[in-house]
Amino acid sequence: MPRVLLPGQASRLFTGGQAEIEVAATSFRALLRELETRYPGLGRQVEDGMAVAIDGEIHQDAYATPLREGSEIVLIPKIGGG
Amino acid sequence: MNFVVNKSDLKVVGSRPVRPDGVDKVTGRAQFGADMALPGMLIGRIKRSPHPHARIVSIDTSKALALPGVKAVVTAADFPDIASEEAFVGEGPMNFRDLSRNCMARDKVLYEGHAVAAVAAISDAAAEAALDAIAVEYEVLPHVIDAEAAMAADAPLLHADLFTAGMEPKPTAPSNVAKRVHFGLGDIAAGFAAAEVVVEGRYTTQAVHQAYIEPHACIASANADGQSVIYGSSQGHFMVRAYVAKLLGMDMSNIRVVPLEIGGGFGGKTVVYLEPLALQLSRKTGRPVKMVMTREEVFRATGPTSGGTVEVKIGAKKDGTITAAQARLVFQAGAYGGSPVGAAAMCAFACYDVANVDVEGFDVVSNRPKVAAYRAPGAPIAAFAVEGAMDDLARKLDMDPIALREKNGAKAGTKAAYGPTFPDIGFLQVLAAAKAHPHYSAPLGPNQGRGVAVGFWFNIGGESSASVFVNEDGTVNVVSGSPDIGGSRASMAMMAAEVLGVPVESVRPIVADTAAIGFTGVTGGSRVTYATGMATVQAAEKVVEQLKQRAALIWDISPDAVDWKDGEAVPAGANAGGFDPLPLAAIALKAAKTGGPITAEVSINAQGAGPGFGAHICDVEVDPETGYTTILRYTAVQDVGRAIHPSYVEGQIQGGAVQGIGWALNEEYVYDGKGMLQNPGFLDYRVPVASDLPMIEPVLVEVPNKRHPFGVRGVGEVPIVPPMGAVGNAIRAAIGQRMHDLPMSPPRIRAALSK
Chain A
374 MPRVLLPGQA SRLFTGGQAE IEVAATSFRA LLRELETRYP GLGRQVEDGM
424 AVAIDGEIHQ DAYATPLREG SEIVLIPKIG GG
Chain B
5 MNFVVNKSDL KVVGSRPVRP DGVDKVTGRA QFGADMALPG MLIGRIKRSP
55 HPHARIVSID TSKALALPGV KAVVTAADFP DIASEEAFVG EGPMNFRDLS
105 RNCMARDKVL YEGHAVAAVA AISDAAAEAA LDAIAVEYEV LPHVIDAEAA
155 MAADAPLLHA DLFTAGMEPK PTAPSNVAKR VHFGLGDIAA GFAAAEVVVE
205 GRYTTQAVHQ AYIEPHACIA SANADGQSVI YGSSQGHFMV RAYVAKLLGM
255 DMSNIRVVPL EIGGGFGGKT VVYLEPLALQ LSRKTGRPVK MVMTREEVFR
305 ATGPTSGGTV EVKIGAKKDG TITAAQARLV FQAGAYGGSP VGAAAMCAFA
355 CYDVANVDVE GFDVVSNRPK VAAYRAPGAP IAAFAVEGAM DDLARKLDMD
405 PIALREKNGA KAGTKAAYGP TFPDIGFLQV LAAAKAHPHY SAPLGPNQGR
455 GVAVGFWFNI GGESSASVFV NEDGTVNVVS GSPDIGGSRA SMAMMAAEVL
505 GVPVESVRPI VADTAAIGFT GVTGGSRVTY ATGMATVQAA EKVVEQLKQR
555 AALIWDISPD AVDWKDGEAV PAGANAGGFD PLPLAAIALK AAKTGGPITA
605 EVSINAQGAG PGFGAHICDV EVDPETGYTT ILRYTAVQDV GRAIHPSYVE
655 GQIQGGAVQG IGWALNEEYV YDGKGMLQNP GFLDYRVPVA SDLPMIEPVL
705 VEVPNKRHPF GVRGVGEVPI VPPMGAVGNA IRAAIGQRMH DLPMSPPRIR
755 AALSK
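Protein sequences, first through last, are from chains A and B.
Each position in the first sequence, counted from 1, maps to that position plus 373 in the working numbering.
Each position in the second sequence, counted from 1, maps to that position plus 4 in the working numbering.
These aren't lab readings, by the way, just hints derived from the structure by calculation.
Nothing here was measured: the structure is a model prediction, and the numbers come from that model.
Each hint can be trusted.
Here chain A is said to cover these stretches of chain B; the calculated rule only asks that three of the stretch's residues, wherever they fall, bring their Cβ under 8 Å from a Cβ of chain A:
#, region
1, 368-380
2, 411-425
3, 459-465
4, 521-533
5, 606-615
In silico negatives: residues of chain A with every beta carbon more than 10 Å from chain B:
#, residue
6, Gln391
7, Glu395
8, Val396
9, Ala397
10, Ala398
11, Ser400
12, Leu405
13, Arg406
14, Glu407
15, Glu409
16, Arg411
17, Tyr412
18, Gly414
19, Gly416
20, Glu442
BS3-like mimics (lysine-lysine), calculated; alpha carbons at most 27 Å apart, straight line:
#, chain 1, residue 1, chain 2, residue 2
21, B, Lys439, B, Lys411
22, B, Lys415, A, Lys451
23, B, Lys439, B, Lys415
24, B, Lys174, A, Lys451
25, B, Lys411, B, Lys322
26, B, Lys15, B, Lys569
27, B, Lys710, B, Lys569
28, B, Lys546, B, Lys594
29, A, Lys451, B, Lys710
Glycine residues also receive a C-beta, built at the ideal position from the N, C-alpha and C atoms.
Kindly generate the complete structure, drawing on both the sequences and the hints.
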């Protein structure tokens with residue numbers, strides 16, 4: 374199953390301090406749903422204000438992005454720039 | 005000098021054609037924001053707070069309105085009182101209530117220069133007189149300028165409803181700390197316990213402005229039927245439309261924003277200041293309203309980047325292997341929360357493969373202008389501290405500074421300090437190119453020193469739209485929604501020409517307004533050549549498919565039997581038939597007979613932008629009598645993925661390095677004890693000019709990003725990350741002392757030398 378890593382303390386507030394969780398999701402959209410179901414508020418937080426790094430690539434706002442078995446998904450703040 | 009990895013056979017990409025906007029710019033014909041004029045237009049001006057922190061008791065505009073030539077005055081009462089709502093529209097999270105109140109103060113002013121009213125009049129003189137006639141009564145409040153002072157329990161409170169986000173348990177009292185970020189990897193205590201050598205330091209940087217040469221400027225024109233047009237220069241006209249619509253409660257479809265040429269932005273033009281005021285004045289008067297900031301207004305009222313304090317500690321084995329890295333960052337946010345401390349925290353140790361990391365950051369409000377993005381927001385501040393500590397570590401270990409970085413350098417498969425595992429990246433190739441460069445081994449003289457520092461930026465993708473139109477004569481237009489700040493028009497034309505197989509001179513690029521192209525995010529985050537470029541490539545590929553279909557129709561064969569090669573349709577093989585090649589122009593000529601205009605528009609949300617890394621080498625000479633630092637030689641090496649137009653890429657690298665050198669040596673906001681900015685102009689706020697510097701030598705390393713058809717990585721932000729560290733480390737080598745505080749100006753160096 375894909376693994377979700379939460380390096381930031383702010384995200385861990387939703388998971389009771391858990392820094393790594395496994396999800397059954399096969400797409401980014403499904404991931405958001407599962408996070409929201411298991412940790413109310415986290416899915417919404419990720420959708421509204423965060424990006425995810427999927428196997429090292431940063432994705433922002435990408436519902437359809439597929440997740441593969443063993444994918445590493447890291448929750449990080451959204452990235453802007455100058 | 006290019007250090008090329010994996011060069012492929014490209015005809016247009018990688019060449020250096022004349023820039024499509026060049027002639028207009030060098031002849032003065034290009035239209036920037038302040039150059040526009042409309043019939044019957046009024047002049048808009050802003051009345052600003054003389055206090056850094058005060059309650060607005062009353063505003064009396066009656067005398068101003070009674071003056072001849074004054075057509076309208078607006079205050080906060082003329083704008084919707086917007087509820088707190090976070091959104092990600094520009095270059096970072098934005099709270100619309102804060103944005104509205106930053107454009108026009110409501111209830112309180114939070115910094116000297118905060119807008120309290122705006123006027124529209126028939127002339128500059130009439131507008132100026134109106135500003136003088138507006139009577140504002142203030143209740144002056146205690147102020148706080150320094151972020152660490154603002155964190156104190158007894159500091160003047162800017163916002164009674166600001167409770168620190170990211171804290172558990174949630175605070176029960178408001179404070180000036182808008183947000184705390186904290187992340188880590190591994191076990192930081194175990195990492196330091198395993199260390200045989202530890203270095204640490206406390207570094208400070210000052211607020212610095214992006215110092216774009218063109219001040220903010222726009223013209224807004226509201227029609228009687230509710231439709232409006234805004235002409236202006238910004239880093240994103242769709243961003244302007246979204247913010248203005250929100251702040252004025254209008255439908256986006258009723259606002260058309262037309263992008264003009266932009267004289268620099270560097271992140272500072274990813275927000276609005278004038279546009280909502282100009283449009284509201286136009287709605288009140290029924291006439292176009294033009295607003296142009298003075299340089300003083302740009303300094304007093306638009307966003308610089310944060311000043312920051314960074315405490316850094318790094319532990320390592322005697323062989324140089326880093327075992328632990330820790331940092332605590334305090335960043336000025338200005339009057340409203342939203343400093344780039346989060347990005348800085350993520351970037352701090354991103355160049356290195358470290359198992360145990362702990363980074364904590366604080367976003368702190370104080371009575372300064374709200375900060376705005378500035379190239380690689382936050383990253384240079386963190387890098388100044390981390391790269392100084394790395395230099396100290398190399399000295400303690402008696403290691404070559406590049407060798408120390410190579411030993412710990414991030415590569416494909418490294419778990420980045422901020423969490424993700426890196427894909428293909430070019431950091432080690434960058435270090436190898438820096439080490440091999442003749443600069444690195446050149447001899448130095450007395451009072452001279454050499455410094456090395458590295459830097460990282462994520463780079464982003466995002467939403468972009470592009471169209472490709474084949475004209476009847478076979479020439480091509482490429483249309484995108486990305487304001488061209490760093491040469492993106494040339495890059496779009498080149499990528500389209502490469503796909504179409506035609507000379508780049510036959511492809512003309514333009515930037516379209518918000519009603520003429522699909523939504524496109526701001527020009528920022530080093531995203532345009534990557535994301536808008538990807539949209540352009542895809543649109544050109546669609547056009548090629550159409551061209552093949554048209555050729556098949558002309559030849560009366562299957563489209564599968566047609567190939568596209570060097571700008572011509574050719575039979576795919578001997579079985580397809582013996583047709584002569586059909587050039588693009590010949591197919592375009594028959595477009596009407598084969599199905600009509602040949603066009604394609606593509607809108608995408610590009611993902612997978614490749615991270616960028618750079619390494620800079622700086623030689624300085626420090627005058628021991630005056631403390632003046634001369635930059636003798638500067639080399640900037642960077643992984644650029646693939647340089648579409650190398651001259652533009654080199655320009656980005658040179659410009660970033662120069663801005664970083666100014667940040668290191670001269671630039672700072674100077675406040676007096678009353679909270680007043682003392683140096684709001686280029687005489688007293690000293691940016692480097694050409695005569696201050698040697699030629700900055702850029703070295704392009706090309707490790708292609710596999711997610712982009714031509715391997716593009718963003719290039720605009722990485723080059724401002726290493727300079728402060730590189731200059732600081734060079735000065736350390738020259739004078740034998742570490743300068744922990746920016747700017748490393750002559751008085752500071754003299755003071756250090758006299759100790």
